[in-house]
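Q: Using the sequences and the hints given, assemble the complete structure.
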Amino acid sequence: MIAKLSEMGVTSDMAYTAGAASIGLSVLTWLASKKKENAGTARADRWGIFVGQWAPTLFAVGIALRLEEGED
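In this text, residue positions in the sequence shown follow my numbering: the first is 172, and each later residue adds one.
These are computed hints drawn from the structure, not numbers from a lab.
As a list, the in silico DMTMM-like pairs of lysine to aspartate or glutamate whose alpha-carbon atoms are at most 20 Å apart:
id	residue 1	residue 2
1	Lys205	Asp216
2	Lys175	Glu240
3	Lys175	Glu239
4	Lys206	Asp216
A: Structure, rendered in C-alpha cells:
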C-alpha cells in the first residue's frame, strides 16, 4: 500500500501535513458540534475524538513513506 501511495505521488511531507491539519480539524469539529448541535458536549467530544484519531494514522503513513523514499 505504501509503495502504491508513493507511486501515486504522495510524499511523506503530505502525510505529515495532513496529520497536523487533522489536529486542527479535530478542534474545529469539536467547537462546531458543540455550538451547532443540541446534543450536548458528549456528541461534540465524540466528533473531536473521531477526527483526532486520524492524526496518528497519518503520521504513521508519513513515516512509512519516508522509509519508502529512502529506498529510492
